[in-house]
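Peer 1: Please work from the sequences and hints to get the whole structure.
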Amino acid sequence: MAVTITDAVRGDLEEILRLQYLAYQSEAALFGTQDIPPLKQTLDEVRGEFESGLILKMVSEDAKIIGSVRAQEKGGVVYIGKLMVHPDFRRKGYGKRLLKKIESRFPGCWFELFTSTRSVDNIRLYRSLGYCKFREKSVDKDLRFVYMQKAVPCGNFKGGLVRFDCSCCLHPTDMNTNVPQGYAGWAYSCERIEWLAPSALLPALDEQKFERLCQTPRRDEKHRLRVCMAFKQTLGSEFNMQYLSPRLYMSGDASDEIYRSCAIVRCRLDKVITAHAYAAWVEVTVLDVIGFAEMHERFAPQYTDSTLEEFCGYPLKHAENYLEYDENGWKDFNLTMQGDVGTSFLIHTDEQGVRHHIVQQYFDFHDDIAYFGNIVSRDK
Numbered sequence: 001m002a003v004t005i006t007d008a009v010r011g012d013l014e015e016i017l018r019l020q021y022l023a024y025q026s027e028a029a030l031f032g033t034q035d036i037p038p039l040k041q042t043l044d045e046v047r048g049e050f051e052s053g054l055i056l057k058m059v060s061e062d063a064k065i066i067g068s069v070r071a072q073e074k075g076g077v078v079y080i081g082k083l084m085v086h087p088d089f090r091r092k093g094y095g096k097r098l099l100k101k102i103e104s105r106f107p108g109c110w111f112e113l114f115t116s117t118r119s120v121d122n123i124r125l126y127r128s129l130g131y132c133k134f135r136e137k138s139v140d141k142d143l144r145f146v147y148m149q150k151a152v153p154c155g156n157f158k159g160g161l162v163r164f165d166c167s168c169c170l171h172p173t174d175m176n177t178n179v180p181q182g183y184a185g186w187a188y189s190c191e192r193i194e195w196l197a198p199s200a201l202l203p204a205l206d207e208q209k210f211e212r213l214c215q216t217p218r219r220d221e222k223h224r225l226r227v228c229m230a231f232k233q234t235l236g237s238e239f240n241m242q243y244l245s246p247r248l249y250m251s252g253d254a255s256d257e258i259y260r261s262c263a264i265v266r267c268r269l270d271k272v273i274t275a276h277a278y279a280a281w282v283e284v285t286v287l288d289v290i291g292f293a294e295m296h297e298r299f300a301p302q303y304t305d306s307t308l309e310e311f312c313g314y315p316l317k318h319a320e321n322y323l324e325y326d327e328n329g330w331k332d333f334n335l336t337m338q339g340d341v342g343t344s345f346l347i348h349t350d351e352q353g354v355r356h357h358i359v360q361q362y363f364d365f366h367d368d369i370a371y372f373g374n375i376v377s378r379d380k
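Residue 292 in the numbering used here sits at position 292 of the sequence shown, with consecutive numbering throughout.
Worth double-checking, as some hints may not be accurate.
Straight-line alpha carbon distances no greater than 27 Å define the calculated DSSO-like cross-link-like pairs of lysine-lysine that follow [to be verified]:
hint	residue 1	residue 2
1	K40	K74
2	K137	K100
3	K232	K74
4	K101	K271
5	K141	K96
6	K74	K271
7	K232	K133
8	K137	K74
9	K133	K74
10	K96	K74
11	K222	K271
12	K40	K64
13	K101	K133
14	K96	K64
15	K271	K232
16	K40	K141
17	K40	K137
18	K74	K101
19	K64	K100
20	K92	K64
21	K271	K100
22	K137	K92
23	K96	K133
24	K101	K64
25	K133	K331
26	K100	K74
27	K100	K133
28	K271	K96
29	K141	K232
30	K232	K222
31	K133	K40
These aren't lab readings, by the way, just hints derived from the structure by calculation.
Peer 2: The structure is reproduced here in C-alpha cells:
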C-alpha cells in the first residue's frame, strides 16, 4: 500500500491523539495497566508539542492517519518521541520509515529517545538504526525506561570531529598530546580503544562483552574500533594507536608472546558507524604496523646520559619496586595510584644486548596516552 509522510497540521492533532490511544494499547498490555504516560496525554499537551517541535504523519491511500512521530530540537540534540503505527499496519517497515524521515529533517544532530525496558520490539528497531543505550531510569516498581542515543554516521558528525565528554565530570575532554623530547610520537592507548575481530558482528555500544581481535593488525586491513575515551579526530585524519598493552596483563599472565604481539598501529579514520556522548564505533584503515620488537629498528636512537630508568622518572633505587615483568629481553615497570592515575614504561633488550626504551604510557582521569620511540642510554 502506498503511504505518504508529511508534516502534521493543527487540524490533524485530534486524529493523531486517537491513534496514540489505540497504538499504545499493546504497550499497556506489557504492564497490565492503562496507567502509562501516552494513554494519559491530553489534546492540549499534544498541541503544546506541536507548537514547540515537529510532528509528522503517515497517511494511507484512503487519507487516514496510520502513523506518526514527534521531535523537538534543543541545543543540537533532537528528542524523538511518540513513534506509533496503527496496529493493523505494523510489521510492514512503516515505523522505520517514520523514524528515518524525522531524522532526515535534522541533519548533523544527535538523536535521543526512550522506551520501556519491556518493549523488546522497539529496542530492536532502534538498535537496527544505530541507536545505543546510554542509561536506564525507573519510574516506579513496574515501569523502567531505557534511553537510547545516536549520532549521524556521516562527515557532518559533530562537524566531522569525534570528541567525547568525560564520563566522570561531564565536561569536554582533550588530551595533552605534546610529545616529550626524545620520543618519536604519541599513540592512543588501547586501554579504552578496543579492536573488534573482523568476523564478529557489531555489538551495540552498551554491550560490554565481545570477541577481541587476537592477531596483530596488518597493513591495508579495515577494522572496527570501539572508542571509549577522548578521541579528537576528523574523518580522513591519520592517528597512531596502541594494539594490546602490557598493562592488560598485570595479573602475572604476561608472556614474551604477548609483548611481541604489541604494536603501534597507524590508522586512517574512514567512518563513524554510531556513537553517543561517551563512545563510538568507528571504521579505520590500517596504514602501518610497528611491532614493539622492531621499534628499535624503525626509529633512529635518541641518546640520554642518564639510565633509562632515570630517564623515565624512576629513581634507580626504587625502580625494582615497580617491576612487573623481566624475561626474554622485556623489562616492564608500572606504577599506579589507586588504579586511576599512573605511568608505565617498557625497555627492550635487542639481540646485541643493547637496551632500548620504546614505550612510556601515562594515564589519569582524562588522559590515556602512550609515547613511543627508541631511547638509548650512553651509560653502558
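Peer 1: Next, verify each hint and record whether it holds.
Peer 2: Status of the hints after comparison with the structure:
no.	hint	result
1	K40 <-> K74	holds, 25 Å
2	K137 <-> K100	holds, 26 Å
3	K232 <-> K74	holds, 24 Å
4	K101 <-> K271	holds, 22 Å
5	K141 <-> K96	violated, 30 Å
6	K74 <-> K271	holds, 26 Å
7	K232 <-> K133	holds, 23 Å
8	K137 <-> K74	holds, 21 Å
9	K133 <-> K74	holds, 20 Å
10	K96 <-> K74	holds, 23 Å
11	K222 <-> K271	holds, 11 Å
12	K40 <-> K64	holds, 23 Å
13	K101 <-> K133	holds, 21 Å
14	K96 <-> K64	holds, 19 Å
15	K271 <-> K232	holds, 14 Å
16	K40 <-> K141	holds, 19 Å
17	K40 <-> K137	holds, 20 Å
18	K74 <-> K101	holds, 19 Å
19	K64 <-> K100	holds, 21 Å
20	K92 <-> K64	holds, 17 Å
21	K271 <-> K100	holds, 20 Å
22	K137 <-> K92	violated, 30 Å
23	K96 <-> K133	holds, 18 Å
24	K101 <-> K64	holds, 19 Å
25	K133 <-> K331	violated, 41 Å
26	K100 <-> K74	holds, 19 Å
27	K100 <-> K133	holds, 18 Å
28	K271 <-> K96	holds, 23 Å
29	K141 <-> K232	violated, 41 Å
30	K232 <-> K222	holds, 20 Å
31	K133 <-> K40	holds, 26 Å
The earlier numbered hints that this structure contradicts are 5, 22, 25, 29.
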